[in-house]
Amino acid sequence: MTIEDIKKHGDIVYRKTPLLTDTVMHYCPGCSHGTVHKLIAEVIEEMGIQQDTIAISPVGCSVFAYNYLNVDWEQAAHGRAPALATATKRLNPEKYVFTYQGDGDLASIGTAEIIHACSRGENIVVIFINNGIYGMTGGQMAPTTLLGMKTATTPYGRDAKLNGFPLVIAPMIAQLDGTAYITRQAVHTAPAARKAKAAIRKAFEYSQKGIGLSFVEIVATCNSGWKMSPVAANKWMVENMFPKYPLGDIKDVLKKE
Amino acid sequence: MAEKILMKGNEAIAISAIRNGVDGYFGYPITPQSEVMETLMKEKPWETTGMTVLQAESETSSINMVYGGACTGKKVMTSSSSPGLSLMCEGISYLAGAELPCLIVNVMRGGPGLGTIQPSQSDYNQCVKGGGHGDYNAIVIAPASAQDMYDFVDWGFDLAFRHRTPVILLADGIVGQMMEKVELHDPKPRMTKEEIRAAAPWATTGKTSDRKYNIITSLALESDVQEKFNRKLQEKYRHICETEVKYTEYMTEDAEYLLVAFGCASRICEAVVDQLRSEGIKAGMLRPVTLFPFPSKRIAELSGQVKSMMSLELNMGQMVADVRLAVNGACPVGFYGRQGGNIFTPDEISEEFKKFNNLK
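Heads up: the sequence lines are chains E and V, in that order.
Here this note's numbering is used: the first residue of the first sequence is 1, the next is one more, and so on.
Here this note's numbering is used: the first residue of the second sequence is 1, the next is one more, and so on.
Everything labelled a hint here was simulated from the structure, so no lab data went into it.
Predicted, not measured: the structure shown is a model, and the values here were computed from it.
Hints are not guaranteed to be accurate.
Taking lysine-lysine and the DSSO-like style, the derived pairs with C-alpha atoms no more than 30 Å apart in a straight line are [to be verified]:
#1 E:K38 / V:K212
#2 V:K193 / E:K202
#3 E:K202 / V:K212
#4 E:K209 / V:K42
#5 E:K209 / V:K44
#6 E:K209 / V:K193
#7 E:K16 / V:K212
#8 V:K212 / E:K197
#9 E:K197 / E:K16
#10 V:K212 / E:K209
#11 V:K212 / E:K7
Turn these sequences into a full structure, and let the hints steer you where they fit.
Now the structure itself:
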């Protein structure tokens, strides 16, 4: 029996979306990025918007997102993705424009750009991967690193007096009039990934309604940076990250009460 | 006959952008160039040509908006003044690294630091030699009048798209603030989507079935890839140096002494040449209009003709280094400059010129 024979019988229960390229991902086994990429690719395929999508990659591990998603890409300087997205969308309002940013990129060096893109109500989608650490540079403290969490630059654990407090972005930007949809999701289990995908789809749909910025935070693992196995990292995330960064919708301007 | 209007150099930039089919302007207020964005906002081009105008939260952001707009193949620009240009240098390096066309207007003021809001030419090194990190150059064009401000917008975009490179229009507070008659040429429409797809097949216009997806990036982690790219960039710069040099000359045919000056300083030096000629001293002037590429070849030629050269700049001596490189010891090269918004008078230059050349 060949693969073609199997296809004929309509037995396919799963296939890789053509919106994902065949390039082998550089992400560590257990990393959340691959799952989130797949969800975005599936949403773009299902919405039939490949030629209307412009993606913007950050600096950090996911700088190479442009090797994996089969859409046009702009690669931004560290933290500046929302500025690129602002101009890209304003000059091409018919396009779906999204940024893909980590916590160092968005919540540290790029705070001015994200806050003002939110405040101006840019009609873009922001995917925010929050794993509480700088992955690509070797596991240093991020603004979202939890108190007590050990990183390369907080080897004795994050101490509020020494290193400040974790920065919680989503509720902060929810207060801004320019944001339409703010949600926090995760992809550590199949049900969580399905919810995250629905959230990403909603964010893409909202971005064409002219109602402001849509923001999907994914609380994620960096098992390499956290120095844990993938399974242990998922468990640690549930027990430690979720209490500080609880999942669920934070703002939805179109939700009927 | 073309329409002539009295306007400031900064206003000429704005009006020219609208009339030459620019798609987007992204800026942040800073003296002495705020009239550029003020004029654009007053003119409301989004209602006429469809041009986008946006006040950003910082120069860091405005240059990255330019980067985003340029990625999509649109004609996009920003304007700022010296401290703002410093903030933009990161973005300019990325624009050069991603080979994106755009126009960056710098209406220079005095530095370093917050400096003065008065006119200066003290960003020559920053803009001509790089400014940001890495082995790159931007094309730098230097206007000397409000008419130049108007004309150089269109020329700047031509250069930017021909060579896929950022172009810096290096003006100063005098040229920006001075009011002069400006002749308005016939307006050009904005490029259509089809024209952009044809002219910029590399742009992020949305992946269609007839091509692979486009990636705009300046990242090249592998040593050989990075080096190969840099060799390609240098090849491009060599080509620019061979094809795009522009300068003007004043009374150089029989000149025994040469003054070299760019931008507003060149207009003062014209008066100096007249004054010296009336005293029987055969002076001439060369004004580099492109600062990168620099008219080194012509200056080298003239170094065999004249007894000396003198670079006159509103800074502490920056372009003079390029004059000396071009001359390569063939004749003495002097310098005189003022800073902080002080502007030399023709008499003052004449006196310094005579001192340098041991003339009475």
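Structure-based check of each hint:
1. E:K38 / V:K212: Status holds; Cα separation ~19 Å.
2. V:K193 / E:K202: The given pair, whose Cα atoms are some 28 Å apart, holds under the 30 Å limit.
3. E:K202 / V:K212: 27 Å, holds
4. E:K209 / V:K42: 28 Å, holds
5. E:K209 / V:K44: The given pair, whose Cα atoms are some 24 Å apart, holds under the 30 Å limit.
6. E:K209 / V:K193: 22 Å, holds
7. E:K16 / V:K212: 19 Å, holds
8. V:K212 / E:K197: 26 Å, holds
9. E:K197 / E:K16: With a Cα-Cα distance of about 15 Å, the restraint between K197 of chain E and K16 of chain E holds, given a limit of 30 Å.
10. V:K212 / E:K209: Judged against 30 Å, a Cα distance of about 29 Å means the pair holds.
11. V:K212 / E:K7: Holds, at roughly 27 Å.
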